[in-house]
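S.K.: Add chain W to chain E, keeping to what the hints say.
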Amino acid sequence: MITAERKPLAEIKESIASYRKLLILGCGSCVAECASGGEKETALLASQLRMDARREGRSLEAKEMTLDRQCVYQFIDQLAAVIGDYDAVLSLGCGAGVQAVAEVFPRTHVIPALNTTFLGQTKQPGLWLENCRGCGDCKLDSFADICPVTRCSKGLFNGPCGGSKNEKCEVDPDTPCAWQLIVTRLEERGKLSNLEKVHPPARWSKKEGRGPRKIAREDQRT
Amino acid sequence: MNIKEDGLSHAFFFCQQLDSAQDLNRRSLEKELGLRIRFFPLPCSGRIESLHLLRALENGADKVYIITCPEGACRHQEGNTRAKKRAAFAQRLISEFGLEPDRLEFVEAPALPSPSIDRVARDLLAREIRIAPLPWAGKEKKVPKEISRKERRDDYRGEKAPRRDQREHRLL
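So the sequences go chain by chain: E and W. Going from the first sequence to the working numbering is simple: count from 1 and add 115. Going from the second sequence to the working numbering is simple: count from 1 and add 915.
In short, the hints are calculated from the structure, not lab data. We put the CB at the ideal spot given by N, CA and C, even for glycine.
Computed list of lysine-lysine pairs in PhoX-like fashion (alpha-carbon distance at most 20 Å, straight line):
{"hint": "1", "chain 1": "E", "residue 1": "269", "chain 2": "E", "residue 2": "322"}
{"hint": "2", "chain 1": "E", "residue 1": "283", "chain 2": "E", "residue 2": "269"}
{"hint": "3", "chain 1": "E", "residue 1": "254", "chain 2": "E", "residue 2": "321"}
{"hint": "4", "chain 1": "E", "residue 1": "155", "chain 2": "W", "residue 2": "999"}
{"hint": "5", "chain 1": "E", "residue 1": "254", "chain 2": "E", "residue 2": "269"}
{"hint": "6", "chain 1": "W", "residue 1": "1000", "chain 2": "E", "residue 2": "155"}
Some chain E residues flagged as far from chain W (calculated, every beta-carbon gap over 12 Å):
{"hint": "7", "residue": "130"}
{"hint": "8", "residue": "135"}
{"hint": "9", "residue": "199"}
{"hint": "10", "residue": "217"}
{"hint": "11", "residue": "222"}
{"hint": "12", "residue": "226"}
{"hint": "13", "residue": "233"}
{"hint": "14", "residue": "278"}
{"hint": "15", "residue": "280"}
{"hint": "16", "residue": "281"}
{"hint": "17", "residue": "283"}
{"hint": "18", "residue": "300"}
{"hint": "19", "residue": "312"}
{"hint": "20", "residue": "328"}
{"hint": "21", "residue": "333"}
{"hint": "22", "residue": "337"}
So here's chain E without its partners, still in its complex pose (with noise of 0.2 Å):
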């Protein structure tokens, strides 16, 4: 899941100052479960706008709309019938979600509520944690399904660096040792061997370093 936080409100208001009819787009899928831009968090933006400008004595027209997904055309052609009465598009999808809208439809300046953050889980209700950084060459399958990259903060792949205490990183004592983790979860399976490999490091080159990354497979397409 793609979580994001929503932009402090002194900033929403500066990037669409200049506009009086705005549709504020939530999206229904990652940033739903986040809780930064579904449904409900589309409503709360646009009540606090609007009950804003009555406060301040500025006519501003806020309409609330929520797409199931902002970054898949079939979902954003739901726009084409009403996009023409708005001045703008206050979207609260994720960044691929803001870019796919404004290609869509390239003449509507569509403004960002939301701040991407990271790709996560939801580890309890109001608690989401970064787990995976989308390296492009996943190792999971040797680390008993977690990603020292992510959650170790030294992003270690030969650890444990012999720095935690009680179980909890010494970067951030918040957070737990995801050797301490990963060695638990090896031994639990049997499998402690798997630590006896000493592993090279990462291929960067699949993150980055080459631009924006691409998936194209031929089956999928029409």
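M.R.: Chain W only, in chain E's frame:
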């Protein structure tokens, strides 16, 4: 303080479990104070969302209350603690654009059996008022609450209503 004199609109969201006769009790106060007061019974205060509280303000309530069961007395275990967190979140949202957080108030009802909901509301309304009407209340054109039949007939597109024999000559 006379609760009829503050001139403010109040919205009360409350847990129905607080008062088994809430339907009668709240209606009696609504009848007494008219449109200045609105009650919103909830099956449990945990049903409240921050959006409900913001929408109440947006729709003209000067002050919004969420009244819950006392701590540890929620029939659904933690509905009241959830309501408290959501009220705090809504307070943060309204203070982000400069509205006083006091406009949203989380109220824990007195220990069970709590007094009737109208009694709780009266006690809250009788306190000294520290908030002013919403800043935009005076700036916007007021819509008449009820339009008489004659007014409705005459207020036809801002003009006097055409007589029956004139209607076919109007441009549509």
